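Trainee: Given next are the chains, with one letter for each unit.
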Amino acid sequence: MSKRRPYVRSMDGWWKKNPFYVEYMVHEGTALFVAAYAFTLLVGLVRLGQGEAAWTAWLEALKSPFSLVFHAVFLVAIVYHAFTWFKLFPLTMPPIIVNGKKVGPGVVVGSGWTAAVVAALALLGLVWRIAA
Amino acid sequence: MSDTKKIIEIEVLRYNPESDKEPHLEVYKVPFTDDMSVLQGAQYIKDNFDGSLTFRWSCRMAICGSCGMMINGIPKLSCETFLRDYYPNRIRIEAMAHFPIEKDLVVDLSGFIEKLESIQPYIIPKEPRTLEQGEYLQTPEEFNKYIQFTSCINCTLCYAACPQVGLNPDFIGPAAIALLHRYNMDSRDGASEQRMELVASEEGVYNCSAVGYCSEVCPKHVDPGNAVNVNKINAAKDYFLRFLSPKGGSK
Chain D
57 MSKRRPYVRS MDGWWKKNPF YVEYMVHEGT ALFVAAYAFT LLVGLVRLGQ GEAAWTAWLE
117 ALKSPFSLVF HAVFLVAIVY HAFTWFKLFP LTMPPIIVNG KKVGPGVVVG SGWTAAVVAA
177 LALLGLVWRI AA
Chain A
539 MSDTKKIIEI EVLRYNPESD KEPHLEVYKV PFTDDMSVLQ GAQYIKDNFD GSLTFRWSCR
599 MAICGSCGMM INGIPKLSCE TFLRDYYPNR IRIEAMAHFP IEKDLVVDLS GFIEKLESIQ
659 PYIIPKEPRT LEQGEYLQTP EEFNKYIQFT SCINCTLCYA ACPQVGLNPD FIGPAAIALL
719 HRYNMDSRDG ASEQRMELVA SEEGVYNCSA VGYCSEVCPK HVDPGNAVNV NKINAAKDYF
779 LRFLSPKGGS K
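Protein sequence lines, in the order shown, are assigned to chains D and A. Numbers given in my numbering equal positions in the first sequence, counted from 1, plus 56. Numbers given in my numbering equal positions in the second sequence, counted from 1, plus 538.
With the rest of the complex left out, here is chain D (with noise of 0.2 Å):
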């Protein structure tokens, strides 16, 4: 008779006995914030379709302090959720191929952020010419 009896690990909070683990948690639950501030802008489309009133109540609204400091904690997760996405590129990104040579993991991570940025400001730009 086999004296095997192979013991298997329970997996309870597993997230919680690694720093890298816990890191992971910390990152894909900045997602929520994502999620919760394009729930504030599609509010926002909500209340314009019902007409001026409602739109210009939830402008109003989003001037509260309550709102203020809730904007302040999106912008924080969001920019750490930026930033640990683009630090994912090297992982999830076929490799590059550039003159016969793979491109560096800090090249394809500072393109990434490099792009964003632009981005960022070329749209900060035109809603400023906009409001002007």
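Honestly, the hints are just simulated from the structure, not real lab data. Quick caveat: nothing in here was measured; it's all calculated off a predicted structure. Glycine is no exception: its CB is placed at the ideal position from the N, C-alpha and C atoms. Please note: incorrect hints may appear among the correct ones.
Claimed, not checked - What follows is a list of derived Cβ distance ranges for each label pair:
1) A/Glu564 / D/Thr140: 34 to 42 Å
2) D/Lys158 / A/Glu556: 24 to 32 Å
3) A/Tyr777 / D/Met67: 48 to 56 Å
4) A/Ile662 / D/Gly162: 57 to 65 Å
5) A/Asp572 / D/Met57: 43 to 51 Å
6) D/Pro62 / A/Lys543: 35 to 43 Å
7) D/Phe122 / A/Gln658: 53 to 61 Å
8) D/Met57 / A/Thr677: 50 to 58 Å
9) A/Tyr777 / D/Lys59: 25 to 33 Å
10) D/Met57 / A/Ile685: 45 to 53 Å
11) D/Tyr136 / A/Ile685: 30 to 38 Å
12) A/Leu669 / D/Met57: 27 to 35 Å
13) D/Tyr136 / A/His562: 34 to 42 Å
14) A/Pro626 / D/Leu131: 41 to 49 Å
Unchecked claim - Pairs of lysine-lysine, BS3-like flavour, derived with a Cα cap of 27 Å:
15) A/Lys584 / D/Lys59
16) D/Lys73 / A/Lys559
17) D/Lys157 / A/Lys770
For this one, chain D is given, so just place chain A on it according to the hints.
Mentor: Positioned in the frame of chain D, the structure of chain A alone reads:
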């Protein structure tokens, strides 16, 4: 020389299937020198304190891939991890995470071996050549596409690093998918469509949630996480391209 030896406490996760209900920790005080690896620490315990301590090892130079352990909770090859880096703190060694423990530090690798077999880890020629036609030629560029994925030593540290392997033991996992990718990327091979069924299956690449720890712990810089994630793109492409040009026969 021996009287200048320092002593480090090594805590070992012990499990004897014949007498233990579950694993438990035991502490050993091991004299060591600066050139001693964690593996040598385990060997010292076996030679001097308890001959029944069971662990796998062979080459002692990070090429056979046998001596992986959880060292203070991190999957590492014990032959290239040094006791001096942990002294004066206690060091804890456990069997590789996410695998069933067979005895002490030895895990059951049969599931991993089955996964390796399932990916058809051999060249299935694109166009069979006869002996008279000569060898299969390959340019350095073609060779460079897969060389990185040939460095895997099957140490399974990446499985011990991957929580998705722990949560779903059926997931083919990082090393097997890296090897699958190695053959798919080989210009002489023509079986990537055959392998696609497995890549896109319930056991396939979509189990991966891009934790990325597999590539972090890989002692040979294979970057298995990249192989898994690139194959997510390949599987998605294959799925959508089937609408444009139906290939039929997808199970």
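Trainee: Take the hints in turn and mark each one as holding or not.
Mentor: Evaluated hints:
| no. | hint | verdict |
| --- | --- | --- |
| 1 | A/Glu564 / D/Thr140: 34 to 42 Å | 39 Å, holds |
| 2 | D/Lys158 / A/Glu556: 24 to 32 Å | 51 Å, violated |
| 3 | A/Tyr777 / D/Met67: 48 to 56 Å | 30 Å, violated |
| 4 | A/Ile662 / D/Gly162: 57 to 65 Å | 37 Å, violated |
| 5 | A/Asp572 / D/Met57: 43 to 51 Å | 47 Å, holds |
| 6 | D/Pro62 / A/Lys543: 35 to 43 Å | 37 Å, holds |
| 7 | D/Phe122 / A/Gln658: 53 to 61 Å | 59 Å, holds |
| 8 | D/Met57 / A/Thr677: 50 to 58 Å | 57 Å, holds |
| 9 | A/Tyr777 / D/Lys59: 25 to 33 Å | 47 Å, violated |
| 10 | D/Met57 / A/Ile685: 45 to 53 Å | 47 Å, holds |
| 11 | D/Tyr136 / A/Ile685: 30 to 38 Å | 36 Å, holds |
| 12 | A/Leu669 / D/Met57: 27 to 35 Å | 51 Å, violated |
| 13 | D/Tyr136 / A/His562: 34 to 42 Å | 40 Å, holds |
| 14 | A/Pro626 / D/Leu131: 41 to 49 Å | 44 Å, holds |
| 15 | A/Lys584 / D/Lys59 | 22 Å, holds |
| 16 | D/Lys73 / A/Lys559 | 23 Å, holds |
| 17 | D/Lys157 / A/Lys770 | 23 Å, holds |
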